[in-house]
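**Student:** Each protein sequence line maps, in turn, to chains A and B. Under the numbering used here, the first residue of the first sequence is numbered 1, with each subsequent residue one higher. Under the numbering used here, the first residue of the second sequence is numbered 207, with each subsequent residue one higher.
Among these hints, one or two may not hold up.
Computed from the model, here is a short list of chain B residues facing chain A with C-beta under 10 angstroms [said to hold, decoys possible]: (1) L262; (2) W581; (3) P584; (4) G596; (5) W627; (6) Y630; (7) D636.
Computed list of chain A residues with no C-beta within reach of chain B, every gap over 12 angstroms [unchecked claim]: (8) V73; (9) G82; (10) T110; (11) Q112.
Not close to chain A: a few residues of chain B, all C-beta gaps over 10 angstroms, as computed [as the list claims (entries may be wrong)]: (12) M628; (13) A639; (14) L653.
Simulated from the structure, these hints should not be mistaken for laboratory data. Remember, predicted model here, so these are calculated numbers, not experimental data. Cβ coordinates follow ideal geometry from the N, Cα and C atoms, glycine included.
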Amino acid sequence: MIIETAPDSPPIVLGTAARLKRSAAQPSLCGRLRKMNGVLALKSSVDKQSVTVRFDSGHIKLASGVAKDADLVITINFNDPGAKPKVRGALKHPMFALAASKVLEPPTGTWQEEAAAFWSFAANWPRMPKSMLVVCTDDHAEARFGESGTPDVELHGTAKQLVSVFSGDSIVTEDWLAGKLHGVTNLEHASVLTGRSIAWVMGQGR
Amino acid sequence: MNLDDSISIVRTEGAVPDGPLIGKYLSRDKFERSLPLGPALADFAFAYDLAGTPQLGWWADWRQPFLGDIHQRPDLDTLTLIRPGVASCIVDFVGVDGTPLPVCPRSVLRSVVERLATNGFTAKAACEVEGMAFTESYAEAKAKGFKDLTPLGVAHPLAYLTHDSYRMRPLLDEVMRRLDLMGISWEAWSAEAAPGQFEINLPATDPVSAADATVRVRNVCREVAVDLGMSVTFMAKPTDSYGSGMHIHHSLLRDASPAFYDATSPDGRTKLMRNWIGGLIATMPAAHSFLTPTINSFRRMVGFAAAPLVVSWGEDNKSTALRVISRSEKLSRVEHRLGAGDLNPYLGLAAILSGGIVGIEQAIEPPDELRALAWGLPDRFPYLPTTITGAADALDRDKAFADVMGPVMVEHWVNTRRWEWMMYHTTGGDPEAESVTDWELERYFELM
Numbered sequence: 001m002i003i004e005t006a007p008d009s010p011p012i013v014l015g016t017a018a019r020l021k022r023s024a025a026q027p028s029l030c031g032r033l034r035k036m037n038g039v040l041a042l043k044s045s046v047d048k049q050s051v052t053v054r055f056d057s058g059h060i061k062l063a064s065g066v067a068k069d070a071d072l073v074i075t076i077n078f079n080d081p082g083a084k085p086k087v088r089g090a091l092k093h094p095m096f097a098l099a100a101s102k103v104l105e106p107p108t109g110t111w112q113e114e115a116a117a118f119w120s121f122a123a124n125w126p127r128m129p130k131s132m133l134v135v136c137t138d139d140h141a142e143a144r145f146g147e148s149g150t151p152d153v154e155l156h157g158t159a160k161q162l163v164s165v166f167s168g169d170s171i172v173t174e175d176w177l178a179g180k181l182h183g184v185t186n187l188e189h190a191s192v193l194t195g196r197s198i199a200w201v202m203g204q205g206r
Numbered sequence: 207m208n209l210d211d212s213i214s215i216v217r218t219e220g221a222v223p224d225g226p227l228i229g230k231y232l233s234r235d236k237f238e239r240s241l242p243l244g245p246a247l248a249d250f251a252f253a254y255d256l257a258g259t260p261q262l263g264w265w266a267d268w269r270q271p272f273l274g275d276i277h278q279r280p281d282l283d284t285l286t287l288i289r290p291g292v293a294s295c296i297v298d299f300v301g302v303d304g305t306p307l308p309v310c311p312r313s314v315l316r317s318v319v320e321r322l323a324t325n326g327f328t329a330k331a332a333c334e335v336e337g338m339a340f341t342e343s344y345a346e347a348k349a350k351g352f353k354d355l356t357p358l359g360v361a362h363p364l365a366y367l368t369h370d371s372y373r374m375r376p377l378l379d380e381v382m383r384r385l386d387l388m389g390i391s392w393e394a395w396s397a398e399a400a401p402g403q404f405e406i407n408l409p410a411t412d413p414v415s416a417a418d419a420t421v422r423v424r425n426v427c428r429e430v431a432v433d434l435g436m437s438v439t440f441m442a443k444p445t446d447s448y449g450s451g452m453h454i455h456h457s458l459l460r461d462a463s464p465a466f467y468d469a470t471s472p473d474g475r476t477k478l479m480r481n482w483i484g485g486l487i488a489t490m491p492a493a494h495s496f497l498t499p500t501i502n503s504f505r506r507m508v509g510f511a512a513a514p515l516v517v518s519w520g521e522d523n524k525s526t527a528l529r530v531i532s533r534s535e536k537l538s539r540v541e542h543r544l545g546a547g548d549l550n551p552y553l554g555l556a557a558i559l560s561g562g563i564v565g566i567e568q569a570i571e572p573p574d575e576l577r578a579l580a581w582g583l584p585d586r587f588p589y590l591p592t593t594i595t596g597a598a599d600a601l602d603r604d605k606a607f608a609d610v611m612g613p614v615m616v617e618h619w620v621n622t623r624r625w626e627w628m629m630y631h632t633t634g635g636d637p638e639a640e641s642v643t644d645w646e647l648e649r650y651f652e653l654m
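Excised from the complex, chain B in its bound form (with noise of 0.2 angstroms):
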């Protein structure tokens, strides 16, 4: 959209790598003189922790030593109205001359995706959005510590049921108003298994552009949370029901043609797809700590309770973390599992496209299809990580996945989750809990 008469407010909005949007609201005047470059606001945005602990132990170039600006640079393709005379347009954060900070989610992922280009694809992809809601105002769910929260719905654990959607309604028809309002295309919403769970499809499209609403999509369900008085959490587990994943559809294609499908391949697979799908598996250990971010995520990996939990993949198959589809060229893609709810769209994404692009760069071919339930499984299957520093670790020497990703990205990420899994022990978290703890529930539900 463009600047209409009608606009006098525009709020800029970018992910930081733990997942919030930071922005401002600038009054039209200052949001156009701002152009091209975007308003400024400190690099220290980017050092601290969800508990506004100052992040401290490491050092990379694009950090000023004395806590200088960083700027937040519109894309304006992504303005758009979100009320009466108030529009939203999406940045990149950049240093003061205008270069991407390679700690920048959404610049990491257009990176990745240049980088796709440059092996003749483009990418489409589509998140699915789960998250809980619950009948607390965030205020009231806070004096309550979080826990014994009211469920919006019906309290059991059944998915898909109509009559627990009804009494969705009022948050999510007014969700889908506003999207509609805004122009982001939504396919689907639903009730999810745990009670108050909810899940959102949203249709394929370019990767930068199904992040973009991703967030999009989160943050109106926050914000309509707010103006009817309830509360909304994408925590991975904020209860002991079933947790929140964020399941991510993709495909490729090359010349705007899908480029995973082959009808005269036995399986209907491509070549590339195979290269595709061994990529992601050799990855898998490295991205699984950016599709997994923060403590409450592992406690989402659980065996029959939807989580993968074992580095695998197999055809039409939902309890490995890939599950491939290749029955018809329309439907050919690959949808990726293993992300929790609280993940980073921009991050997520780019750890999966990365992984895959180290697949067909280095023309991987995939281990055997798992013709089986991949869960709880005997100790010779390949096992994921279980904690976020066993995550980190894998990250951290997977090189071939890094010099895609973007190094310094991985770096930073790897430092960052060490500090939160120093902070969970020393700071009140409970090192012995089976179950989510307060800690998690202070410092994730409001800003996950």
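The shape of chain A in the complex, shown without the other chains (with noise of 0.2 angstroms):
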């Protein structure tokens, strides 16, 4: 399975190299990219970002814009995971949306262990925190990484919000910022940890 970038791709070719990189490392997804062939092309409903991801039987290259022999074109609305996407090529190729659909939303696992994926991602790198408690507000579990003691970072957020920063679906500051998670930091962590977030989002480490 090869997955290929151009150098210089903008932040959601990136984006969605790494949510197909996600998809590929599950045995029922990668059997089903192998298998693709066809254009795909995303695009943003709220801004002028978009791509294009050429699925050639396992050989997938994503491009930005919106290239003109796309077979399938969904809008979306980046910022609004719940807004509904306009599809446009869905009926000519119904097979291929479907695949599109699965592998562009990778299963995740549980938030601890999404956040176990992620800390061994960014734990070694310079400046990072070295210790984090995260605490889930729907049944107060915690998980602690990293060094015993007083956590340098305490992140608090429900089940699904914590699934979503840690798989690499959003960004731990913006989440913070948003009110959808709270935390326990000071600036030189969070700016650390937010570098972090943005690297695995944009598919560092996978």
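Got two chains here, separate frames each, mind docking them using the hints?
**Tutor:** In structure tokens:
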């Protein structure tokens, strides 16, 4: 399986490639990805971001923009995960559309599994917090990462929100500033954690 | 100047890395009591972008984990009257213990000048200030999205037209009057090639004073525009016409004598000058990021439109990145032509001097002079990076350059350029756009 992006690709290209890599890591979806052939375009409904994904039997190439030969064009508000996307081409290419919907939404683990994966990716980065406590506000379950003692970072959120941020679907400080997460930390740790969170969303470590 | 009895207010001002001046209006009493450290402000002033979004993702020791203070340490040698009763003083940004902030552009330039001095040289430099003026006020321009504005002067692309400059007199005569009042020397101004475009030439002086004068000239232009109900921008490419650059002329002195000219050499150049050019060429991809700082700066890099595209130098060649002049001791200098109109002159000068210092410390011989037009060249020529991230990557790779420029400044700059790229793509910029976008106009027009 090859998932290829051009040098200097914009965030939407890198983020989409990251999602496809997450799908490729799932045995069931990996098989589906290998069989997919066609051209998919994703387009933001609120700004100019767009990406074209060319599936060619396991060789996947992503590029900025909407290709004229796209079989399927999905227009979506990336800022609102609940918003209904507009899809063009699904009637003509129903199987491709179904497969695309699956591989663009890779399954996630529990919030503890996703947090552990993120920590494993980020922990050794320079200036990264040495310890992190994650608290799920649904049931007050906790998970600790890194060194013992008072944690450098505490993050509180619902299981759904914790999965979102630790799987790489959203960025930690955006969620914090938006009130979707609560946290206890200083600016240094928040900043470095944000850097790793952005890198995770854009596919580093995948 | 001294604070004579007529002064009741002092405006402190210093440039942040992106270029804008920040500071405070202080009562005379508060200003005097604040010395020598100067007034305090939040260190966060160095940690948000031009849209006011906090820049997150990295950290450095100069920052404080709970939004602490930094100070604006006045350089009293720069005190000058800006209008009756009001003086301006340029500052260096320092920590609460008085240590220069390693990301303070003026302190970075000072440090590079000191490094040059340890090699036995001083520098003289002069910046050409290019900007564009429009008859709409800033509020009117903003209401139009900074598009389809009416250029001050003649709306066709011819340079040096005196009847064009005559129409620019209301703005530029007043700018020169205020510069005279402030004691800022200027040599000339003229209409330039783009509609509404003007250029102001400043005399050569030491690099820190040259940068001080440049930021003040830009600020005076903006303030006069406000007072006259016009608008001025130093964006590199605010319209589809020619862009604005900042050519930086410079030369070295040893014991106060010109060090670039050798009358006995066939080409008129000393070994020092050759090594200086060699260093500027070797580090140009790295320096490019400081000289071409914004998303908009790169739109100026168009062939056959005055901006250089390849790493190159040539004797009296205005298409190469370095125009070298070696025909007499008096004129001997390098004109660095890569800079965009929106560059921070402290960082631009520091980047140029850093490159030259690398050249003399490593005795780098330059490649062959380009004896051709430096536009429309085939791929075998060394083209400069064409994107803000490409330039940041080149800067990130050049450790010798960073050693002179200051590794903390370089790391911060690389991170902020990547941030700027991310903001462009994720907050409304158009990655497919081939000309200036609404995003750029909103972000840069008033601040650059």
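**Student:** So which of the earlier hints does this model not fit?
**Tutor:** Hints 2, 3, 12 and 13 contradicted; others consistent.
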